[in-house]
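*Asks:* Once you've looked at the hints, dock chain B against the given chain A.
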Amino acid sequence: DAGVTQSPTHLIKTRGQHVTLRCSPISGHKSVSWYQQVLGQGPQFIFQYYEKEERGRGNFPDRFSARQFPNYSSELNVNALLLGDSALYLCASSSGQGASTEAFFGQGTRLTVV
Amino acid sequence: GESVGLHLPTLSVQEGDNSIINCAYSNSASDYFIWYKQESGKGPQFIIDIRSNMDKRQGQRVTVLLNKTVKHLSLQIAATQPGDSAVYFCAENTVDQAGTALIFGKGTTLSVSS
Numbered sequence: 001d002a003g004v005t006q007s008p009t010h011l012i013k014t015r016g017q018h019v020t021l022r023c024s025p026i027s028g029h030k031s032v033s034w035y036q037q038v039l040g041q042g043p044q045f046i047f048q049y050y051e052k053e054e055r056g057r058g059n060f061p062d063r064f065s066a067r068q069f070p071n072y073s074s075e076l077n078v079n080a081l082l083l084g085d086s087a088l089y090l091c092a093s094s095s096g097q098g099a100s101t102e103a104f105f106g107q108g109t110r111l112t113v114v
Numbered sequence: 115g116e117s118v119g120l121h122l123p124t125l126s127v128q129e130g131d132n133s134i135i136n137c138a139y140s141n142s143a144s145d146y147f148i149w150y151k152q153e154s155g156k157g158p159q160f161i162i163d164i165r166s167n168m169d170k171r172q173g174q175r176v177t178v179l180l181n182k183t184v185k186h187l188s189l190q191i192a193a194t195q196p197g198d199s200a201v202y203f204c205a206e207n208t209v210d211q212a213g214t215a216l217i218f219g220k221g222t223t224l225s226v227s228s
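So the sequence lines, in the order shown, correspond to chains A and B. Numbering of the first sequence is given in the numbering used here, commencing with residue 1 and proceeding in unit increments. Numbering of the second sequence is given in the numbering used here, commencing with residue 115 and proceeding in unit increments.
To be clear, the hints were calculated from the coordinates, so they are not data collected in a lab.
Covered stretches of chain B, going by a simulated chain A footprint (3 or more residues, C-beta under 8 Å):
1) 158-165
2) 218-224
Partner residues are not named here, just some residues of chain A that face chain B (Cβ under 8 Å, in silico):
3) F104
4) F105
5) G108
The structure presented is a predicted model; accordingly, all values stated were derived computationally and were not measured. Positions of the beta carbon are idealized from the N, C-alpha and C atoms, including for glycine.
Extracted from the complex, chain A is given alone in its bound form (with noise of 0.2 Å):
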């Protein structure tokens, strides 16, 4: 079976410019969530998806936004980078909503603006 499958696996951006990060969830798995990981920290939350709706966002500006397809892949955007978005980015999956739910996670996207 395929795990969360994330793409691209490493990009570079100039500052300003706009970012998409795309992942593919376990199947089966209708939730999706992203987190973002600074070197030497551990994942922060930025959002959940469920069924396609939003069901949780953390700590981050509005210059980050996701949607969730109807085959439950999901889309990370990010607009207006900064130096200091220059992070791991990763995308878990799990089969449901509720708490207790074991998350899977991806290999994530490297991201560095320059």
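*Replies:* For chain B alone, coordinates are given in the frame of chain A:
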């Protein structure tokens, strides 16, 4: 703000020793806890979880202990192997978060020497 933290940023052990990684959490409403292992360049990998109605849970070579009185979580790895070298994160899922929005600590880097 409330967050999950780890007591030690690094832990060095010899191959075959038992390792104990500790974590303190601050949200008494948290009802689900997970330990993740993250190797360089990879996403977090699920190790073991525990719900708040349990004190102990065992997996293969790993045991998680939960002490709700002092809000403390620990991961015990038996007969530590070089392949266990990685960064270990504890994460909590609180009732204030929708779905599987996890709050991670900063991580403990485990180094196993042979």
